[in-house]
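> Sequence:
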Amino acid sequence: MEYLVIRIGDAEGGASWQAVDAHGAPLAHRGEGDLEQAAELAEARKVVLLIPAREVFRARMDLPARGRRSAVRGARYAL
Numbered sequence: 064m065e066y067l068v069i070r071i072g073d074a075e076g077g078a079s080w081q082a083v084d085a086h087g088a089p090l091a092h093r094g095e096g097d098l099e100q101a102a103e104l105a106e107a108r109k110v111v112l113l114i115p116a117r118e119v120f121r122a123r124m125d126l127p128a129r130g131r132r133s134a135v136r137g138a139r140y141a142l
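Yeah, the sequence shown ends on 142 if you go by this note's numbering, and it's all consecutive.
Derived by calculation from the structure, the hints in this document are not laboratory data.
Be a bit skeptical, because a hint or two may be false.
Claimed, not checked - For each label pair, taking beta carbons as the anchor points, the in silico distance ranges come out as:
no., residue 1, residue 2, range
1, 91, 134, 46 to 56 Å
2, 102, 133, 36 to 46 Å
3, 138, 115, 37 to 47 Å
Even for Gly, the Cβ is constructed at its ideal location relative to N, Cα and C.
All chains, full assembly: derive it from the sequences and hints.
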């Protein structure tokens with residue numbers, strides 16, 4: 064099994080990528096550019112995407128047991 068490890072850089076859409084084997088050893092496919100260029104290499108591989116932590120938003124909500132369906136619909140507005 065081969066993997067394509069893609070590292071997202073800054074907010075301008077730049078990325079770098081490296082194809083690796085099942086043990087993490089680098090293969091010949093390496094590059095930099097936009098994600099469209101990496102998409103060609105991703106077709107036959109599993110993709111591992113690395114994103115800077117400052118670009119990730121995580122949230123957790125406790126929902127009531129009753130009225131759960133309406134609470135889920137309203138959750139996106141509560142964030």
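> State for each hint whether it applies.
Hints, one by one, checked against the model:
The given range of 46 to 56 Å is respected by residue 91 and residue 134, whose C-beta atoms sit roughly 51 Å from each other. Range check, residue 102 to residue 133: about 39 Å between beta-carbon atoms, so the 36 to 46 Å window is met. At about 26 Å, the CB distance of residue 138 to residue 115 disagrees with the hint of 37 to 47 Å.
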